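Each chain, written out:
2 protein chains.
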Amino acid sequence: MISKKMKTFVSKSSTIRAMFEEGRRLAQIYGEENVFDFSLGNPNLEPPDSVKESVKYILDNESPNFVHGYMNNSGYEDVRKAIAEFINKKHGVNLSEENIVMTVGAAGGLNVILKSILNPDDEVITFAPYFGEYRFYCDNFGGVLKEVPPDFNTFEPNLKRFEETINNKTKAVIINSPNNPTGVIYSDSTLKSIAKILTRKSEEYGTSIYLISDEPYREIAYDGVEVPYILNYYKNSFVGYSYSKSLSLPGERIGYIAVDSEMDDFEEVMAALKVATRILGFVNAPSLFQRVVARNLDSEVDVNVYKKNRDLLYNHLVKLGFECVKPQGAFYLFPKAFIEDDKKFCEIAKEYNLLLVPGSSFGCPGYVRIAYCVSYEKIEKSLPAFTKLAERFK
Amino acid sequence: MISKKMKTFVSKSSTIRAMFEEGRRLAQIYGEENVFDFSLGNPNLEPPDSVKESVKYILDNESPNFVHGYMNNSGYEDVRKAIAEFINKKHGVNLSEENIVMTVGAAGGLNVILKSILNPDDEVITFAPYFGEYRFYCDNFGGVLKEVPPDFNTFEPNLKRFEETINNKTKAVIINSPNNPTGVIYSDSTLKSIAKILTRKSEEYGTSIYLISDEPYREIAYDGVEVPYILNYYKNSFVGYSYSKSLSLPGERIGYIAVDSEMDDFEEVMAALKVATRILGFVNAPSLFQRVVARNLDSEVDVNVYKKNRDLLYNHLVKLGFECVKPQGAFYLFPKAFIEDDKKFCEIAKEYNLLLVPGSSFGCPGYVRIAYCVSYEKIEKSLPAFTKLAERFK
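These protein sequences, in sequence, are chains X and V. With the UniProt record's numbering, the residue at position 95 of the first sequence is 95, and numbering never jumps. With the UniProt record's numbering, the residue at position 173 of the second sequence is 173, and numbering never jumps.
No lab work stands behind these hints, which were simulated from the structure alone. Note that the structure is predicted; figures quoted are calculated from it, not measured. It is possible that part of the hints are untrue.
These stretches of chain X come out as covered by chain V in the derived footprint (C-beta under 8 Å, 3 or more residues) [as the list claims (entries may be wrong)]:
1) 49–56
2) 66–79
3) 101–112
4) 128–139
5) 261–270
Derived coverage of chain V by chain X (criterion: at least 3 residues anywhere in the stretch with Cβ under 8 Å from a Cβ of chain X; other residues may be distant) [unchecked claim]:
6) 2–11
7) 244–254
8) 259–273
In this text, a Cβ means the ideal position worked out from N, Cα and C, and glycines have one as well.
Between the sequences and the hints, there should be enough to build the whole structure, so can you do that?
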């Protein structure tokens, strides 16, 4: 007697999560150390020590009713102010506490944004491969996700197909850079092109097409590559940020939405974000961790650890003949499977205790996602399993 | 360019929250100590000391990646197990970790439940007066809230009108006891009657009508009155619990859903709750505070403090000629306004720096809600203001 829609969702329930449970089952049989679970983006790096210190400092020095109580639905004013100032310094924009809404992670933030803007049957465009949950987030509010097919050579956005996909129902575009699952970072020129197309199309249809930047991986970038800030490119942008990866706090569900004051109908939009936060049942982002992140804006996990993981695994896979774009950020590899059927390929990988996620979950069949946010030793130990897997297809 | 629906919501945005902001404005003019803000259910009692101790213990003794990382969408297994065992002991039921889903407070829990069960145009019944947010929570998933009108003498559910309101579109009933805003606790016999009616009507329409018990105030009960446990009354029940009030942690957004294994389609329902938690963007209840509440199941704030507040304010209001049902639980009084127009009455109260919430926000015009989860001294100091307010209408 659950709803019809949920019946379908339950039956197709997330492959990634199913894999997570499968990993735990295999670990019980073969021992944790012999299972190579590359299925979930659960960071293995510990949060910086300053996180623990801040929690203790706050508990010892601030009033418990303030720290654990309700505040404005958009979050503590001082926290939003600190974040705004940090962003201003880092990205040369001009935000204040009025431009920030604290959220229950980036997933919560995206839902709040989409609730605020979507009318039934509105379309939201994203670039394949993409985080599969976007489809649900849009559907939650009657929206429909439209995929722009991948450019398999670079996994950069296919801008020609993008422009063709926009129509008078297009309400928003979701981008995600550094990208899950490819690790690609959109360049300055890509963002300029996207902004130009959106400006032109907004004018053409007499509407505001929003750009939503899903940014849980912003700080996870390698080799000195810059991650451009979309508020500098397009005024009708929402940044959906999360501290899940930068501070290794995914379970705490803490992030924010940032909006520039130049956005069309700015005040109405901000009011909508607050109301959406309330009525979707978030009410507010978890209070203690709002205060914790405000004290850790300059901290982040050591990205070099992920970089070493990337290099070790990437080089090995390429040597084995995998086709793979070298990731510039995030902590995923997205190689082409040796057979067309990516689900079957993942099933076979499981025989070697390798847990990978089929690219189909990201709107990109024929590929697999490998989350390398695990220990270096785990990756080292997994290399022979990848070798055996590759040999199977030679 | 926000959505049409949100445009309406924003313009009518929560009176309670507007009042909260108004209180802060008045406090800046007249000084915090001269403004009597009875508008928000933000507990003034500090969390038990054991909460702070548990946070520190967990940070010092458990792995940071475990404490702050992703877990199953339904929450940590050991936390769910501890909660299930606590409920079993307290209420004589037979739950395990499989019967519990951790949630982002009760508001998050209600949204997860409604997402799981509602088809478009399904009806959800509740008893006026009721927490106004229920209307939004139902609407989020295409459901329609139907009110059963109040019994003004007792604010007990009007069971005759309840039965008449049920039809073949009725999917669920939300109850809230101890009640916000009346403080009424539903008795054993009331719950038996509700269960009987729902069983009969479910059979009549060949469906499962769910009973959803919104329980943020379960532990806030006075004078030894028992709050019966609905899982002992009706198998198709959801308990939506929150630690916001029992541990004074409303900002932390931590609660759970409990379901009995006897519920129709139990496994499918639990799977739906997990998927809903994920796709609504909650992903999981905040991780550290899951672990904290599991260590504080036996703790609660000192309810006697609220009881003293109730007695002081209730006795004073009755002496002034206010008609008011004496609350058995929660921390609200819900007296009849001296004039029919409750919004106007609240406007007038504001002239005495008294911030009250119109009963219209709870589907019960002509009444006002007074949240007495403030300090005893604040209530003492507010009594002359109530006296002046009453004199105005003599």
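Verification of the supplied hints:
1. 49–56: holds (count 4)
2. 66–79: holds (count 7)
3. 101–112: Answer holds; 8 residues pass the 8 Å Cβ test.
4. 128–139: Three-residue rule met by the stretch 128–139 of chain X, so holds; n is 3.
5. 261–270: With 4 residues closer than 8 Å to chain V, the stretch 261–270 of chain X meets the three-residue bar; holds.
6. 2–11: holds (count 8)
7. 244–254: It holds: at least three residues are needed, and the stretch 244–254 of chain V offers 6 whose Cβ sits within less than 8 Å of chain X.
8. 259–273: holds (count 6)
Checked against the numbered hints listed earlier, the structure breaks none of them; every hint is satisfied.
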